[in-house]
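Chains A and B, in that order, give the protein sequences. Residue numbering for the first sequence follows the numbering used here, starting at 2 and increasing by one per position. Residue numbering for the second sequence follows the numbering used here, starting at 1285 and increasing by one per position.
Simulated from the structure, these hints should not be mistaken for lab results. Warning: the hint list may mix true and false statements.
What the hints assert, rightly or not - Below 25 Å or equal to it, Euclidean Cα-Cα: the simulated BS3-like pairs (lysine-lysine) are:
no., chain 1, residue 1, chain 2, residue 2
1, A, 241, A, 363
2, B, 1546, A, 214
3, B, 1373, B, 1471
4, A, 61, A, 88
5, A, 41, A, 214
6, A, 331, A, 363
7, A, 200, B, 1446
8, B, 1373, A, 178
9, A, 316, A, 331
10, A, 154, A, 178
11, B, 1546, A, 179
12, A, 158, A, 214
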Amino acid sequence: MRTVFLVAALMVSNSVLAQPIRIGELNSYKVFPAFLEPYKKGMELALEEINAAGGVNGRKLELVSRDDGGTPGDAVRVAEELLSREKADVLMGTFASNVGLAVANLANQRKVLFLASEPLTDKIVWENGNRYTFRLRPSTYMQTAMLVPQAAKLGKKRWAIVYPNYEYGQSAAASFKKLLSQAQPGIEFVAEQAPALGKIDAGAVVQALADAKPDAIFSALFAADLQKFVREGNTRGLFKNVAVVNLLGGEPEYLDPLKDETPEGWWVTGYPWSEIDTPEHKRFRDAYQKRWNDYPRVGSVVGYTSVYAIANAAKKAGSADTEKLVEALKGLQMQSPFGPITWRPIDHQSTMGAYVGQLAKKGGRGVMVNWHYADGAKFQPSDREIRALRKE
Amino acid sequence: MSGSAVLLQFLNGLSGASALFLVAAGLSLIFGVTRIVNFAHGSLYMLGMYLAVWLSARIGFWASVPLAAALVAAGGAAVEMLLLRRIYKAPELFQLLATFAVVLLVKDLALWAWGPEDTLGPRAPGFAGAVEIAGRAFPQYDLLLIGLGPLVFLLLYLLLTKTRWGILVRAATQDREMVGALGVNQKLLFTAVFMLGAGLAGLGGALVIPREPASLEIDLAVVSDAFVVVVVGGLGSIPGAFLAALLIGEIKAFCIGLGYSKITLAVEFIVMAVVLVLRPWGLLGRPQAAMRGPAALEAPLDPPSGRAVAALLALFAGLAAIPAFTTGYTLVLLTDVLVFALFAASLHFMMGPGGMASFGHAAYFGLGAYGAGVLLLRLAAPMELALALAPLFALAGALVFGWFCVRLSGVYLAMLTLAFAQIAWSIAFQWDAVTGGSNGLIGVWPAAWLASKTAFYYAALLVCAAALALLWRLVFSPFGYALRASRDSALRAEAIGIPVRAVQWAAFCVAGLFAGLAGALFAFSKGSISPETLSVPRSVEGLVMVLLGGVQTLTGPVWGAALFTWLEDSVSRGFEYWRAAIGGVILLLVLAFPRGVAGFVRERIAR
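All chains should be built: construct the whole structure from the sequences, respecting the hints.
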């Protein structure tokens, strides 16, 4: 009887000590499933690895995942639910910029750590940055800046621009114009097309771009818009003798659907998953393929690294207390499938980079060639500019 | 633009117009005969796309097109026979709720069957390349489409004018009761028309796969485009739809050609607003014949009995006691319910007693929300003042939009409200300096003393209860009776000296004002606002809430809002296919309670 008591007492005290750390995760799974299903697989892989290795500080890591409905209003409600009903210690996730900004704003109000894994908007770490929000992926500005050296090397004078008409596309276009004009004075921007997201009238847009007779095109199109643009452009011969630079064009999520119509020679940011043979990436790729019997996409890397970031921060902080986590994440250095990354104290942006390369066709599908890794730390405005934007 | 550029953009416009006409024609036919606002038309189109993509990998593109169209036609017939046939007698617009449920079901069906990735179809064999026109490459397939649109138009025209069946269809478009009275089998006619319309949607979807990837988001995008074409052309008029498709296709192509691509966000809605203001029944439409039969007669609305008032007061007291038991998520959810209840009730004020359905009520919700944000962030007003003044933004919008809208009636009125809402949305979406563009306004939090969940819940409860009481009181004021008189018989109301239009305009403004109040509360409860607060899905949610609760009841919309918000919250957590689950629940409710949930309860009590 006494031993039973003792065991029971031990179990109770043990369970109090080893209360799991709960990650409240929310994302627009129904609106952007192509990106977010691999993301979810990446998260789960990281979770299994961490818990198999004994968790964090002796505590298991738990993931509570929710669909945020794809709108800021619903996302805020879901985040509240994760915090008050599910007792989440940290918030993580979101895809679209407006949803990410709304949840970041809530995190600041409720004083809880929010790791924005996917939104690309510059504002989430700059104009609307706050103490409790950190962002993993390279921002629109960073990825545009990574492409500018390649664009300048092309030595083209007449540039046309095409982008989806919302904040991501607008700020990509603005950053590209500013940075390329600095890198290569005397260039001209001869046409600008901003079709509505997901509703590009590709025939008319391709025609209008061709009419401007550009030497080169900068595009920030992705997903369905990119597919339509590529097919119309190929049919109408737009890309003959015109260089193209396309943000995000090499990400498997957007490249794979192009199949044998992949336009060759375009400069893109992306993820050549089959060719990166660094030890850290090989380990990740093998584990991912073994676990899911599928190849990793960018989303997989983002989900995987986000969970590890929280685990590492909790390990460094020695607790799941919000304020300690915030201090721990600032300046945290960690390993990712893309190599070592640092969480910048100045704006809470991670230095995770992207791969810059050219598109090519190989066996009826698109691949990236001539690629190199662009380290996110190198593609940032000056600290002074950032402080001005963050109003600090 | 050079001469050859003009020619090429003209051709681009023509091929766009053909694709648009194919979906719009089916929608126009269906509406003309059955009077059903078929929200699921875009879903049928999407189904056609997915089927064609899937089939063309197996049996080739050209064989897949007719087969996909036939399969979609069969699916349309099934929807008509199993679902819509049961609810033709329900109040007008109630079928809209049923088709909305179909939208949700089809979307998840497509996700389940074909996965989440956007898939582009193959190039059409024989039409894969380009021909040279004026020194430029033009896709052969676009030329084919340019020919196909008019061909389908011609065939439809012949079918409708030269065959006995076509004459019956046209007769039913004008006066379906009379056709029924003359001994024509209406059931068969309706099923056949629905099948033909669905088949056209499927054909349109199948034909477009070499140009456009099949995606899960296409359904609502297409149905709103198709509605615009149908309404601009005149409901039920096939030549009108053709003309409207041409007009909109060309305007879009030339906006892009001339470098005004940003305006394509709302250009078709601007066209629709202009056309409807100038020609209230569209380009080639005719005034609708008055509805006869049970659907046209509304039972008079009785003032709530003493017992009903007591029950509502008890409910209010119960809600006020909730923070004593929990201060957690329940309060967040209940705040949402309260805000949407007020939003739905404001829409109901113009839909029920006013008889003016709105497809764009989110405009006023959004204007209120943006009003609050702009006052707080841009003009540095204190939060309490911002909350008090924000509804005036919505009122201003309603004053302007309403002035035009009350000159129309029925679906035309509803579509004009949609047009204004879309124009307001595109302005909010692009006016970075004031509205924050697509990201919206961030940091719209209540004042410190209202910042806790409990405090804000009490604020929302008080404001919403007071607003609801005022709205319901208005329904039974002389103004409310005049409003119902104007709805039931504009002619007789006019004769006894009621200024019908002025009364309707005032009702429109009241509805806008209260929606704006709900929007302002919403903004402060979320801390941020983005353009989705005035987008089409928000308007549709409002409609669904009102219809779920029951249009011709007083408190129905409040229950509808509570049910829908709770359903969305609980189901989206539990199931992966939660959209389909919500669709299924709505379908069950539609079939079980064709007068709405509250309408059903009222009938049971009356019995």
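To see whether the hints hold, each was checked on the structure:
no., hint, in the structure
1, A:241 with A:363, "holds (20 Å)"
2, B:1546 with A:214, "holds (21 Å)"
3, B:1373 with B:1471, "holds (13 Å)"
4, A:61 with A:88, "holds (15 Å)"
5, A:41 with A:214, "violated (43 Å)"
6, A:331 with A:363, "violated (42 Å)"
7, A:200 with B:1446, "violated (38 Å)"
8, B:1373 with A:178, "violated (60 Å)"
9, A:316 with A:331, "holds (13 Å)"
10, A:154 with A:178, "holds (15 Å)"
11, B:1546 with A:179, "holds (21 Å)"
12, A:158 with A:214, "holds (11 Å)"
Hint compliance for this structure: hints 5, 6, 7, 8 are not met, and every other hint is.
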